[in-house]
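Engineer: Model the placement of chains Z and R on the given structure of chain G, informed by the hints.
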Amino acid sequence: MYGTAEFPDWGDPNSPASLHLSNEYIEKALEQTQVPNLVTAVLADYRGFDTMFETAVIFCAGLACFLLLRDFGEKKERFYRHTPTGVILHVKDGKKTLTVGKEFEHMDKDWVPSDLIIKTVCRILIPFIQIFALYVVAHGDFSPGGGFQGGVIFGSSLILLAISYDLKTLVKRIKEKVLGIYAALGVLIYVGIAALCMPMGGNFLDYSKLAPLVPGDPHHIRALGMLGVEIGVGIAVTAVMAIIYINIVSQGRHDEGL
Amino acid sequence: MYWPIDLIVLTFVIFLAIAAISVKDLLATAILFGAYSFMMCLLWAVMGAVDVAFTEASVGAGVSTVFFVAAVFRTSRRTKD
Amino acid sequence: MTELLTLIVAKYNYWLYVILMMIGLYAMIAKNNLIKKLVGMSIFQTAIILFYVSIGYKTDATLPIIQNAHGAHGVVIHAADYINPLPHVLMLTAIVVSVATFGVAMALAVRIYQRYQTLEEDELRMRLSED
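Residue numbers (our numbering), protein chains in the order written: chain G, 1 to 258; chain Z, 1001 to 1081; chain R, 2001 to 2131.
Rather than coming from a laboratory, the hints here were simulated on the basis of the structure.
Since no wrong hints were added, every one of them can be taken at face value.
Simulated restraints on C-beta separations:
1. Z:S1022 to G:T169: 36 to 42 Å
2. G:L116 to Z:F1073: 19 to 25 Å
3. G:H219 to R:T2101: 37 to 43 Å
Quick reminder that beta carbons are idealized off the backbone N, C-alpha and C, glycines included.
The following block holds chain G by itself, in its conformation from the complex:
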């Protein structure tokens, strides 16, 4: 209990956490990197190694979730519903596949009549959410935000599509293989940009040596390197959020959902 007497006071500018290194970050970050948002500057440039492994951790979490739950067994029973009259066909044997005409639709086990209000509102809202997510990623340098936040918002727009419509709608639009490729692509973009600095003559994550490749102002090269890296993080996080949701809510079978 007497240990808490030694803690610094609330809001003290001279506390040990604020003395040594962070002053240098605050004062030098604008002239070295041309990025006003100090948190993004430290996260993607001065401490870029940590962010690379954090992206790898997110990718591993998506991979673990897929490996734990994915169930490739064949479907056991199917339900078809005749739309004009409401009669339900229950096919018990999973091996026979019926080709049904236009008036039948394939339905889940607990079927609720689809709500028109929810479907229409979500269909209007989802493109705006995605544009907002892209805005957050692109403005990570100037306002609070960055790659990870934008990626989560984009992923949650995909989850909204799965909740308001069917899970099958989402799986049909964005197949599982494509999601896996996107997740790996995000990590590869990050490592690729970092590794590209090495043949140009710098260390592993030294963005300032990329200047001959990019047309434009050589002072902004560190900000552009940061932007590329944040895009990689955003793509990886989007795919992983969608993968984890699809696998948890359908117990790996990818047929029914919430």
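Structural biologist: Only chains Z and R this time, still in chain G's reference frame:
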């Protein structure tokens, strides 16, 4: 920074945390957990950590609550303690 | 005794963070249901992040985004005007890792329920010893 806001939100957070682990219905736990996450986000925004607050708002009060409700949907909803 | 009390009251915010951490730890250890343990783990993680973020606060300082960045090329930036951004960066990584762990733990809970039809720890122990 106005210290009563800090103290009020902190005590509210502690009450929410105690409530989230003592209710018997798992869906109520999910909602209380989302509310706890959102109050934490407010606390960090008041302290000036806007990036951390943005991340916690999108992750904790968004995606994490959805994962929780999806898992409760696939397992049982009542619990004995 | 009174000097202990004044000591506690002066640093009250640290005591409240410690209380929150202990609530999370209690839930991880003493609750039977697996999902309640997960909620306790998440409470513990966010309480630690709160503690770290509160260290970096400076009185009368503004957000860690440099103002008037477009026109200023010769302006000297004083470090005392901005909040310390270093704990925020580390805690951003901590939040990301926390949500990844939460997702994988939920997947594990669903799998356990598929196999054993229960999520209570004492029933699980009984069924595991029967297997």
